Each structure stands twice: as structure tokens, then as C-alpha cells.
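Asks: Top to bottom, those sequences are chains A and B. Take the first sequence: its letters are residues 1 to 111, numbered as in this note's numbering. Take the second sequence: its letters are residues 1 to 111, numbered as in this note's numbering.
The hints are simulated quantities; they were obtained by calculation from the structure and are not laboratory data. Model, not experiment: these values are computed from the prediction. You may find that some hints are simply not true.
Stated by the list, open to error - Sample of chain A residues at the chain B side, in silico, Cβ under 7 Å:
#: 1; residue: Ser43
#: 2; residue: Pro44
#: 3; residue: Met48
#: 4; residue: Asp98
#: 5; residue: Gly104
Every residue, glycine too, gets a C-beta built ideally from N, C-alpha and C.
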Amino acid sequence: QKEVEQNSGPLSVPEGAIASLNCTYSDRGSQSFFWYRQYSGKSPELIMFIYSNGDKEDGRFTAQLNKASQYVSLLIRDSQPSDSATYLCAVNMYGNNDMRFGAGTRLTVKP
Amino acid sequence: EAGVTQSPTHLIKTRGQQATLRCSPISGHTSVYWYQQALGLGLQFLLWYDEGEERNRGNFPPRFSGRQFPNYSSELNVNALELEDSALYLCASSLGGAEQFFGPGTRLTVL
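Work out the full structure: start from the sequences and follow the hints.
Replies: Spelled out as C-alpha cells, the structure:
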């Protein structure tokens with residue numbers, strides 16, 4: 001089992017729709033969870049982090065965490081073409097600042 | 001506030017040579033992380049430095065090494081370059097092991 005798993009996509013949604021990105025992780029003791037956005041040819045950009053079970057909202061983005069199910073998700077409301085990118089899920093594992101990344105989900109928002 | 005900076009932007013080497021990549025963290029950040037992102041693949045954790053010490057390394061051979069200087073900047077050295085070392089090398093910094101912020105990366109090409 002991979003440490004952090006994401007569907008590679010591509011995920012395609014129409015402009016204005018909700019995009020839902022999912023991630024599972026293997027280490028039950030993980031405490032910190034992050035979502036990064038990476039445009040083609042660019043470096044990852046932090047967009048959300050979540051530490052507690054439940055939802056965390058920031059503008060059009062909502063991160064959801066369920067530690068019992070070892071599952072974290074990112075919802076993007078009112079998706080825009082500029083949201084088209086690869087979204088990386090990252091988990092701080094093993095309690096030692098060891099950040100593990102998923103392979104990323106490529107999102108395309110069609111006008 | 002200046003972000004993470006990396007140099008050079010591009011580096012072209014031939015097989016068997018050595019490459020040196022440099023990173024300056026965000027001011028005040030004491031931790032520096034190095035990642036390798038090969039084309040079409042996810043981020044692979046290479047090394048983590050904090051307060052001048054190597055804290056953890058990923059599953060890479062010993063020819064990947066580095067160091068952190070007293071001003072918290074860092075250097076990644078790759079010896080005996082192989083063709084498969086061609087990748088984008090990303091540096092990230094953090095304060096206290098929380099969110100990591102990435103630099104623009106160094107694109108290493110091994111011919």
C-alpha cells in the first residue's frame with residue numbers, strides 16, 4: 001500500500017461546478033494534512049492545511065478530514081479554468097516532519 | 001517577504017559528473033527539505049535538514065548528499081550523475097515542521 005494515495009485523474013469538471021479531490025493515507029498516527037496546487041512546470045503552492053477532524057473552509061476551498069477512515073479531501077466550489085492544475089495531497093507522517101506526497105490528481109476545468 | 005530561492009534554475013551535466021544545487025529558505029525558517037520530481041512522477045522526499053543537522057533522508061543512494069549552513073541555506077550534491085537523475089529538484093522550508101513552502105526548483109538534465 002502506498003503511503004499517500006490519490007486518483008491520478010484526469011478529473012474534468014465544467015466551469016462553476018464543484019471539484020472533489022480525494023486522498024487516503026497509511027499512517028494512522030499522522031497529524032497534519034496539506035493540499036498543494038502545482039501548475040505545469042511550476043513548483044507546488046500550499047493552498048490548504050487541516051489538523052483536526054471535520055471541515056475547514058477557505059474561500060472556495062474546503063478541506064475535509066476523517067482520521068478514523070484515514071481520508072482527506074479537497075472540495076473546490078465554483079471551479080474556474082484557472083483552477084486547472086495538479087493537486088497534491090501531503091501528509092506529515094510518523095511524527096517526525098516527514099512529509100509524504102501523493103502522486104497528484106490532475107484537474108481540468110472546462111469553460 | 002522573500003520566498004524560498006533556488007539556484008541555478010537549470011543545470012546541464014553529463015553522466016558521471018557532480019551537480020551542486022543551492023537553496024535559501026524563507027527568512028526565519030530553520031528547516032530545509034529537498035525533493036526530487038521526475039517527469040510524470042510525484043514528489044520523492046530526499047533530505048531534511050534542521051538547525052544544521054540532517055534529520056531524515058529518503059530512499060535514495062548515498063551519492064545524494066547535502067548540508068545546511070549556519071545561515072540555514074542548504075546545498076544538495078549529487079555525485080556520479082546518472083541519466084535517471086534528470087528531474088526537477090525542489091527545495092522547501094518550514095518553521096517548526098509545519099507547512100512547507102517551496103522554491104521554484106532547479107531543473108537538472110543529465111546527458
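Asks: So which of those numbered hints doesn't the model satisfy?
Replies: The structure breaks only hint 3.
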